[in-house]
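Here the protein sequences come in this chain order: L and V.
Going by the numbering used here, the residue at position 163 of the first sequence is 437; the numbering climbs one at a time, nothing skipped.
Going by the numbering used here, the residue at position 304 of the second sequence is 578; the numbering climbs one at a time, nothing skipped.
No lab work stands behind these hints, which were simulated from the structure alone.
In this text, all values refer to a predicted model and were calculated from it rather than measured experimentally.
Mixed in with the good hints, there may be bad ones.
No copy labels: a pair is met if it fits in one copy or bridges any two.
Straight-line alpha carbon distances no greater than 25 angstroms define the calculated DSS-like cross-link-like pairs of lysine-lysine that follow [said to hold, decoys possible]:
(1) K425 - K402
(2) K277 - K594
(3) K472 - K510
(4) K425 - K567
There are 2 protein chains.
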Amino acid sequence: MEKKLVIGIDVGGTNTEIGVVNKAGQILCQKNISTNISQNFDEYIALLASEINNCIEKIGTKKDFIGIGIGTPNGNYYKGTIDNAPNLPWKGILPFSEKLSQATGLKAVLTNDANAAAIGEGVYGGAKFMQHYAVITLGTGLGSGIVCDGKVLYGHDGFAGEFGHIVINSKSRRLCGCGRHGCLETYASATGIAATLKSLLEKSNHKSSLRELEFHKITSLDVYKAAEKGDELALKAFDITADVLAISLANLTAVLSPEAIFLSGGLAKAGNILFDPLLKYYNQYVLRLFKEKTQILPSKLLNENTGLIGAAALALNEIKEGILI
Amino acid sequence: MEKKLVIGIDVGGTNTEIGVVNKAGQILCQKNISTNISQNFDEYIALLASEINNCIEKIGTKKDFIGIGIGTPNGNYYKGTIDNAPNLPWKGILPFSEKLSQATGLKAVLTNDANAAAIGEGVYGGAKFMQHYAVITLGTGLGSGIVCDGKVLYGHDGFAGEFGHIVINSKSRRLCGCGRHGCLETYASATGIAATLKSLLEKSNHKSSLRELEFHKITSLDVYKAAEKGDELALKAFDITADVLAISLANLTAVLSPEAIFLSGGLAKAGNILFDPLLKYYNQYVLRLFKEKTQILPSKLLNENTGLIGAAALALNEIKEGILI
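Whenever a hint applies, use it, and build me the whole structure from the sequences.
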C-alpha cells in the first residue's frame, strides 16, 4: 500500500505546530505545543512525540506515514540539528531529527524554516514546475530559501541563503540582530518598515494618522492599515521599503537568474501597496539581460500555514522508505 | 583506447586562442587567430576549424580527442550560442558550438568565459575537491562563475553569475557598460581601480608619482606599480577597491556559503597589495555564522592561460562519448 501522509513540524519561537498533511497539501489534523514547554530538550521532544502519536492515531496508523519533516530556526539540514538558535529555549547544538525519530519510530528530516517555505512553494505552491526560484519571507526578519536546479541551495556547511543578512549600507544606523549594521532585514521586514515609518515621523512634520499611536508600539500592521487609507507617510514607508528590496532582488536575480522570486510572510500580505512600488523599482534596477524574465510574485501559500506545509513538503520530497523501526 | 586530449577555445575581443590540452592541464599545442579575421561568422568558423585541424594533426589523430570546449563572452551554455555580444564582430545569436562541431567532426560544448574559468579552477586549480565555490575574474570588467553542489550555476536561462552587475550604489556617478550606474565592476576591476585612482587625483592635492603620467592613460598596472613603491594615493585606491569588493564578497558568502572564493584576472595578480586590505575588510563584514569558513584565495591558475585551460576543462567535464561523426 502506498504511504500517503506526512507529519509537518513548524518550530517557532512561541509555538511548535504539528500537522498531518496529505499529498495534496491539505492539513488533516493540527495540534500545537508551546515551544517553551520545557527548558529540557529531551522533555520537549517526549511531549512533541506524544502529540505526534495522538495525531497519527486520529488519522490512521503509523504505516500510513512517510515520515516527519521539520522546519526550524537555525536548522542544519546536513546534520539534522538546531545550531545555537538565539530565540529558542535550548542552547548549543541539538540533534532534533535523530531524537524525534527515536521517539516516534518515523524517519525525520530537518531544515531551516526559510528553506522549508521554499520547498513548500515548490511542492504545493506557485513554483510547482520551476527548477530555479527563491522564496523570500518578510516576517520579523527576512528569511530566504533558494532553489537551483530543483535543489535547495545549502552551500558547503548547510547555511546558504542568508539573504536577509546582505549588507545594504554598512554605515547605516540600523543595528541588526546579527550585530552588524544595515543588513537588508533591518529595512525589508515587518520590523524594518515600522522602523522606517518611525524615522519618517521623527524627520518630518508631515501629518499622519500614525502620530496618534504610541510611538514605540507602532507595528508594520499599523503602517499597512494607514497606507490602505492613503496616509502619505505610511505610503512613503512602503515606497522606501520597496526601493531597498527591489535593488536587492535585482542583485539576487543577477547572481541566480531564477525563474521567479516569491515573497511570503506578513509584509507580503500588503498586496499592491507593496508590490506596485516594488515592481516599478525592480524593473528600473534589473540588468537588461534579465528584464521580463524573472517574475516577482506573492507566494501562492501566503494565506496558508506556510511553515507546516513547507515542513510536510520536505518530508514528502526527501523520505523515500518510510518507517525506520 | 582511452581518449586523452581536448581542444580548448578561448574567444576574446581581440584574439581567439586554440589549445590542445591533456588531462593534467598541460597545453601541448597552442595557436591563435584574430577574432576580427572576418565579419562573416561562417568564414571565421571555417578558419578556426582549419587551425584546430592543424593542431590535431600535429599531436595525433582525431580519435585521440574527447571534444572541444569553448569559453566566450556572452556564451549561452544551454543553447551553445553566443548571444548578442557587444565586443565581438558578429551580431545576433550565433550557433557557435553547432557550427564548430560540424566543421571539425568533434563534439563541442560552450559556456561563457567566467564559467569556463570556474570549471578550470575545479578541474585543474585550487577547487579540485570543492563542491561549492566561486571564481571572480577581475579584468577589464568583473566576471564570475559560481559552482554549487559541483555544478556551474546557470539559472533558468543560462545567464546566472552576473556578479559584476550587482548594483553597489545606484546613485554613483560611475556609468557601467550595461547602461546602469554603480555596478560592482565599475569599482572592482582593472578599469574600476584606475577610475578610483583618477578620482583621488582630482579630489586631493596629495603628492603622487601618478601625477606625472598622462591622466587619461593611467591604467590599473600603473596604479599597481606605484602602490608597490609605496605611493599613498595608489595604496588608497587599492584600499577603496578592496573595501567595495570585500563587502560584496561577504554578501555573496551570505547567499551561497561557498567553501572558497577565488580571485582571478589581472587585478588579482596584485597579490598582497590587494589581498591584505581585502581580507581585513572581508573579515570585518562577513556574517559571524560564516567567519573563518569561507576562504578568499588567489586562483591557482593565476599565471596560466586561464581561458584556454577553463575551456579545455569544460570539454573534459561534459563530453563523454567523443567523436560525433
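Against the structure, the hints:
1. K425 - K402: both (13 angstroms within a copy, 22 angstroms between copies)
2. K277 - K594: within (10 angstroms within a copy, 39 angstroms between copies)
3. K472 - K510: Classified as within; 11 angstroms inside a copy, 38 angstroms across copies.
4. K425 - K567: The answer is both: 20 angstroms in one copy and 22 angstroms across copies each meet 25 angstroms.
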